[in-house]
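Q: Protein sequences, first through last, are from chains A and B.
Sequential numbering of the first sequence, starting at 1, is according to this note's numbering.
Sequential numbering of the second sequence, starting at 1, is according to this note's numbering.
Rather than coming from a laboratory, the hints here were simulated on the basis of the structure.
Please note that a few of the clues may not be correct.
Just some of the chain A residues that point at chain B, by a computed CB distance under 10 Å [unchecked claim]: (1) Gly76; (2) Ala112; (3) Phe114; (4) Asn117; (5) Phe173; (6) Ala175; (7) Val196; (8) Ser199; (9) Gly229; (10) Ala257; (11) Ile260; (12) Gln295; (13) Lys296; (14) Trp299.
Backbone N, C-alpha and C fix where the C-beta goes; we use that ideal spot for every residue, glycine too.
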Amino acid sequence: MLLVILEHDQGVMAEAAREALTFGRTLAGRMGVPMHAALIGSEEAALVAEAGAHGAGVVHTVVHPVLSDFGPEAWGEVIAVMVPRLAPAAVLAGGSDRGNEVMAQAAARLDAPFVANCLDVDPAGWSITRIQWGGSLLEDVTLSVDVPLLSCGLHAVAAEAAETPTEPAVEEFEADLDAALSRTVVRDRVVLSAGVTLSTAPVVVGGGRGVGSAEGFAPLEDLADLLGGKVGCSRAVTNNGWRPHSDQVGQTGTRIAPEIYIASGISGAIQHWVGAMGSKHILAINLDPEANIVQKADWAVIGDLHEVIPAISEEIRSRR
Amino acid sequence: MRICCCVKRVPAPGARINVTADGQAVDVAHLGFTTSPHEECGVEEAVQLTEAHGGEVTVLTLGPPEAAEQLRYAASVGAHHGVLVPTDGSAWDPQRTARALTSAIETLEEAGGPFDLLIFGNESADSGGFQVGVRVAFALGRPIVGGIKGIEIDGTTVRARRQTDAGFEVYEMFMPAAVGVKEGINLPRYPTMRGRLASKRLEVGELAIEAPQGGQSMRRLHRPADVVSETVILGEGPAAASAVVDVLADLGVL
Ligand SMILES: Cc1cc2nc3c(=O)[nH]c(=O)nc-3n(C[C@H](O)[C@H](O)[C@H](O)COP(=O)(O)OP(=O)(O)OC[C@H]3O[C@@H](n4cnc5c(N)ncnc54)[C@H](O)[C@@H]3O)c2cc1C
Ligand SMILES: Nc1ncnc2c1ncn2[C@@H]1O[C@H](COP(=O)(O)O)[C@@H](O)[C@H]1O
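In isolation and in its complexed conformation, chain A is listed as follows (with noise of 0.2 Å):
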């Protein structure tokens, strides 16, 4: 079988989790596998439907004190033991933060090799296809290896349900484990900010280095506030500390999905591009014709973003 493992924040369900159950499918079709899920720290009954509505046949779940919360170290070795004991063909986590994370402390226990975000797997000879560069590069490896560690790349596939969902039967694991695991468990958390974040905003105005100041972003906020969005930078404005790096989109900043993505000033390097091709519309503003943001734009302004973008808050206010 091929066992996915269940990402989740204290009982919720991560997208990323749905991914890889999705991805997991149809894996495990061409493996002629079945597949399972393991649920790390949980038993909650929605967690266990909602992996087999996602096509899991059986869920092995564990519960132990020092998986009462979200912990690298204790997730990893809950994986590591599975492995042995279960026989699964394959592990497959989400290719999250901590989904990789996991997986590397299971890979690191169990001295095999680990793939991360991948998104073609050929499960003869295990011919795989994974992402570098933040999604600019591509990889095919290969693997020799008796139990392939995998993830599948962040938003690789659109999570979906199966066509026809199963109510997995549950199997409790019993794990032994070492109460020095809660070394890294999580201790506390703070809650920040409800609402619109830059990765979920409808609407995103993104400034580079064309701004040329921290003040030169008050028109792009001005804009961003007319249409209930936000602003964004590439990393020529967070290195040169115009604003804080919780706003940059790019490959070591935010992944941003709005309907439509703004972009001023900025070139369109390959790894601000990663972080902006998941906009459904881009327009892009900028001097240089022969930039590549606009040659990757649906639609350009040619122009200087000083004068191009007060004016376009002043035509909307105008339309109001």
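Start from chain A and add chain B with the ligands according to the hints.
A: Just chain B with the ligands now, with coordinates in the frame of chain A:
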């Protein structure tokens, strides 16, 4: 406090990443090199922690001899020591890299005493395996948490913050410990004049280490399909504002 920060030399591509004809490497003919961004912040964090609590920062890299450049850069922003584990420049798989870095850290600890904190990037910018730090920390018996965007040291306790969608999670580990950090944990400083001198004077230590290959073999690198877009030019300058607002109206975001 003794801190070891592991950094990787990576190319700095622009609009696209090109691959060599044999598909075995990124074509770096026209590219500069840099330190992987999360790790650049790792070095800054290490330097700030030693500025606050005393101690020394050792920066460790496994790569071609040219990776000494990244060690010198780290020295220019305040790192005290730089150590290179030289390779022939070929990409090592994650298990092999982790084994070699583990031996390197063991060797450095035998000579200079244990490191209180090991700092890694959450993932390397190029290969992005999301695992080398975890493997090294596990082999050395140290606790590690990734995704860290804030570190406070209080006596022997490391309090580390990890960003989540809603805010952050807090972890507490006793040193010796390890973390995987993310860009945004700080804003790395630029080298000063004095820093540049320090970087010239840095004696790069070298540790020749062989390590057995792991089970993952790279076959080929290739680019994802290019995005081709028929860009509609809405106009030039502020005169285009009306056309822009028409588009926004059509999309229903007004
Ligand atoms: C490993 C790695 C990871 C990285 N991760 C990220 C990341 O997550 N996010 C990210 O953004 N970058 C990232 N980068 C950096 C990236 O390579 C680029 O350096 C960066 O995105 C450039 O920012 P920019 O487009 O604002 O600046 P530039 O490339 O300098 O472009 C400025 C643009 O503004 C235009 N312009 C100038 N003035 C005006 C004006 N008045 N009006 C209109 N247009 C104007 C210019 O024509 C130009 O196109 C990463 C780099 C590396 C090596
Ligand atoms: N060649 C290397 N030299 C030094 N550190 C490395 C190297 N490769 C990976 N690392 C460290 O391990 C982290 C995770 O790398 P990876 O598993 O490739 O994503 C990086 O952010 C670095 O801190």
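Q: Look at each hint and say if it fits the structure.
A: Taking the hints in turn, this is what the structure says about them:
1. Gly76: holds, 8 Å
2. Ala112: Holds, because the Cβ-Cβ distance from Ala112 of chain A to chain B comes to roughly 7 Å (cut-off 10 Å).
3. Phe114: holds, 6 Å
4. Asn117: Hint holds; Asn117 of chain A Cβ to chain B Cβ min 7 Å, cut 10 Å.
5. Phe173: violated, 22 Å
6. Ala175: Interface hint status for Ala175 of chain A: violated (18 Å vs cutoff 10 Å).
7. Val196: violated, 12 Å
8. Ser199: holds, 8 Å
9. Gly229: For Gly229 of chain A, the interface hint holds, since the closest Cβ of chain B sits about 8 Å away, which is under 10 Å.
10. Ala257: Because about 14 Å separates Ala257 of chain A from the closest Cβ in chain B, which is outside the 10 Å limit, the hint is violated.
11. Ile260: For Ile260 of chain A, the interface hint holds, since the closest Cβ of chain B sits about 6 Å away, which is under 10 Å.
12. Gln295: Hint on Gln295 of chain A: holds, closest Cβ of chain B at ~6 Å, below 10 Å.
13. Lys296: Status holds, d = 5 Å.
14. Trp299: For Trp299 of chain A, the interface hint holds, since the closest Cβ of chain B sits about 5 Å away, which is under 10 Å.
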